[in-house]
Amino acid sequence: MLRRACAIFLIGIGLFVLPGCWDYQDLDELSLPIVGIYDLAKPSEKNEEKVKVAGIFPVLYPKTEGRYTIVYENGQTVGQTREKRNYYSPETLNVGMLQVGIYGEKLARKGLHGASDILYRAPKVKNTIYMAVLEGGTEALSKLKLKDYPNPGVYLFGLLKTAQKKSFLPTTTLHLYGVQEVTAGKNPVIPLLKMKSNSRIEISGTGIFKKDKLIAKIDLKDTRSLVMLRGLEGEGSIPFIVEKNGEKIDEGSVLVKRSRKVRVTRKGDDFTFFITVKLQGDVIEHSSQKFFIDTKNTMPLEEIQTVIKREIERDCRKFTQRMQEEFKVDCIDVTKYALAKWRKELKDKVEEGFIENVKIVVDVEVKIKGVGVLT
Amino acid sequence: MEDNPRFQITSKQSIFFIIGSTVATGILSLPRVASADAGQDGWISVILGVCAPLISLLLIERLGRLFPNLTMVEIAQLLFGKFLGSVITAGFIAYMIFFQSIVLRLIAEITAVFALPKTPTSVIALLSIISVIYIAQKGAKVVGRLNELLFYILLFDLLLLLPPLKVADYTNLLPVGGAGLTAIVKGALPTAFAYEGMEVLLIIYPMVTKKNEVLKAGVTALGIAMLIYLMATVIALLVFGAEILQHIIWPTVVLFKVVDVPVIERLEVFFLAFWMGLVSRPVMNMCFASSYSLTRLLKLDMEQYYSYMVILVGLSIYVVALIPDNIVQTFKFATYGGYAFFIAAIGYPLLFHLAAFLQKGKVKQYA
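Chains as they are written, first to last, in this note's numbering: chain A, 15 to 389; chain B, 184 to 550.
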């Protein structure tokens, strides 16, 4: 009898605390940003406010004028801006729904470690947040109006999520950034965004980082080479022009999947990286009247393959040269192959003076498999 | 052999008993611990780490063969005398309570960090210990069956470790052996702490119905535990790499944050929802083992007083679990518990063997 009474009493306590009295929260009480915007604050007299943080908050209440809000707040740290937000916002900030992190260019040049630490450290924040650097200032985002989307956050999320899969653009998540910031021999690359107008924002290139600091910006052409050399898998379209004796005989595009293979050899302290970029895909358009599949009047696929191979090899070699002479960081993620063989010896040497002194040999293999439904 | 059917288990149940006692919160931080010294070869340290519990298993099994029908309390009192034997047994019981209080505290901390940040850890720990007390009171048979059932759920939960392989980089494991033998062996020492719980065999040995299968059961259990640890460590190394692992307290849980799963969103909460039930197995097993030993030590009637001992031990575990002020102190306590593991799992059986060797006459009497 006593035992049963004890069991009932204890189970009663369990039932009482089970509903999560401490952690229960109504959805109406929550403020759920889907985009976090981080930038440097303008220098002020007090000099205490160092960062400017904003979020794109979808409005959950029905029948309101606006469907989202963008609220900027300055503070000494990102955490302090959240505290200050509580002075005027009735809802409790919950960052568990963050999908995108946008960083101002100035902050990126200063270093992203401080702004990314709060996200990486938070248990609620998923590490698949897509990151991007906004060229210029982040205040322009508040003027962005996209009539075909409920809020800019949905648009940015979709844009960054699919970029790498469907074009020669990189995608960087918080996880990838975190690993590449900390690991020896690795450096992150983050897509650049640019506001073309108040109704248009697009990916304009890639930010090259040395650990957490933005050191260079590259345009879309170099981004194509970067993506191929770095081995970021996806597919994209490449135009081609086939010329013979100075005359254009064909022009068109191929849609190719990309991959890479890397091999490293060593002679003493001289390292050579052999990068093979593999492009495989189909012709999706061409202007010539010649047929691909016919015994007469054929347009050989090999010629298109050769033209593309030549162009990509030239661009990739130009990019690797720029990387070694100008950036002096490994932004194509090849050092890991050397570390995979000589980690103990190279671990402390790869951050400075390594990539600029290696030899990089680029080879491109192009294989066109199909030509669509037309001959 | 234990006569009371409530305290009898099969050799198959002993496998799950041992797995249940070892695989708990250790797996969540093991990749970090294993790669701290050994770097990319942390997974080799995990394999080497099984040597310590293997030695413990051999020593305990041999000891059990010398005294097949005696409990640990009886063996200690036989070999060391009533008083000293009781002190030695009390020390072992105190170790089990301490070890389980750390596990309980870690369960509460992890739940608080990932799922219930505002709920006090004392409340989370209380909820866990209530269920532990309830199950442990039922006896070895029920505890053994529950361990078996929860093991199959554990296997399902471990399947959730596969999606993060989407972002794996095989070069993170290379070069194999590159860290050097010294670093790998150094990494094996803290990794051995993950197998803490093996020493429960000292208590449950007399309960196993087929004693000749205990060694095989123990090796099977350790093998399965090692494979589970290896899986978590290799996947964490592949996804994160050794360097960033040192920045993450519980890399096995953070693994679930690196992939997007539609609808579920936060895969780690899904994983933890199952894990919270699984991770209280060692507390349950050790609570049972300590209560059983304490009842025997105090020479109380098992049927009448065992349940009250469970409540007493459970509350002791709970109270000790609340001692550390924060997560940093908790990990410090866990390190002390790790060193105590070597004393309990290897020191105790060795001591018993030494005493048995010096008192061959008494051994012959009970062989």
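These are computed hints drawn from the structure, not numbers from a lab.
Note that the coordinates shown come from a computational prediction; the quantities given were computed from them, not determined experimentally.
Any given hint might turn out to be false.
Stated by the list, open to error - Which bits of chain A does chain B cover? Going by a derived footprint, with three or more residues having C-beta under 8 Å, they are:
#	segment
1	17 to 25
2	140 to 152
3	187 to 198
4	288 to 298
Claimed, not checked - The calculated label-pair distances, taken between Cβ atoms and stated as ranges, are:
#	chain 1	residue 1	chain 2	residue 2	range
5	A	Lys175	B	Leu241	49 to 57 Å
6	B	Arg328	A	Tyr101	26 to 34 Å
7	A	Lys358	B	Ile510	30 to 38 Å
8	B	Phe514	A	Leu41	30 to 38 Å
9	B	Leu241	A	Arg18	19 to 27 Å
10	A	Lys363	B	Leu348	24 to 32 Å
11	B	Val368	A	Lys363	22 to 30 Å
12	A	Gly386	B	Leu348	47 to 55 Å
13	A	Lys175	B	Ile432	27 to 35 Å
Claimed, not checked - No more than 27 Å apart at the CA atoms, straight line, and that leaves these computed lysine-lysine pairs for DSSO-like:
#	chain 1	residue 1	chain 2	residue 2
14	B	Lys515	A	Lys175
15	B	Lys349	A	Lys292
16	A	Lys138	B	Lys515
17	B	Lys349	A	Lys180
18	B	Lys349	A	Lys271
19	B	Lys349	A	Lys138
20	B	Lys515	A	Lys179
Every residue gets a Cβ at the ideal spot worked out from N, C-alpha and C, and that includes glycine.
Here is how each hint holds up against the structure:
1. 17 to 25: holds (count 5)
2. 140 to 152: holds (count 3)
3. 187 to 198: Result for this restraint: holds, n = 8.
4. 288 to 298: Violated: only 0 residues of the segment 288 to 298 of chain A have a Cβ under 8 Å from chain B.
5. A:Lys175 <-> B:Leu241: 49 to 57 Å: holds, 54 Å
6. B:Arg328 <-> A:Tyr101: 26 to 34 Å: At roughly 56 Å between Cβ atoms, Tyr101 (chain A) and Arg328 (chain B) fall outside 26 to 34 Å, so the hint is violated.
7. A:Lys358 <-> B:Ile510: 30 to 38 Å: Holds, at about 32 Å.
8. B:Phe514 <-> A:Leu41: 30 to 38 Å: Taking Cβ atoms as reference, Phe514 (chain B) and Leu41 (chain A) lie about 36 Å apart, which means the hint holds.
9. B:Leu241 <-> A:Arg18: 19 to 27 Å: violated, 45 Å
10. A:Lys363 <-> B:Leu348: 24 to 32 Å: holds, 30 Å
11. B:Val368 <-> A:Lys363: 22 to 30 Å: Taking Cβ atoms as reference, Val368 (chain B) and Lys363 (chain A) lie about 26 Å apart, which means the hint holds.
12. A:Gly386 <-> B:Leu348: 47 to 55 Å: violated, 35 Å
13. A:Lys175 <-> B:Ile432: 27 to 35 Å: About 29 Å separates the Cβ atoms of Lys175 (chain A) and Ile432 (chain B), which means 27 to 35 Å holds.
14. B:Lys515 <-> A:Lys175: Not satisfied, since the Cα-Cα distance of roughly 42 Å exceeds 27 Å.
15. B:Lys349 <-> A:Lys292: Holds, because 21 Å separates the two Cα atoms, which is no more than 27 Å.
16. A:Lys138 <-> B:Lys515: Within the cut-off at roughly 26 Å; holds.
17. B:Lys349 <-> A:Lys180: holds, 18 Å
18. B:Lys349 <-> A:Lys271: holds, 18 Å
19. B:Lys349 <-> A:Lys138: The hint holds at about 21 Å.
20. B:Lys515 <-> A:Lys179: Cα-Cα ~46 Å, so violated.
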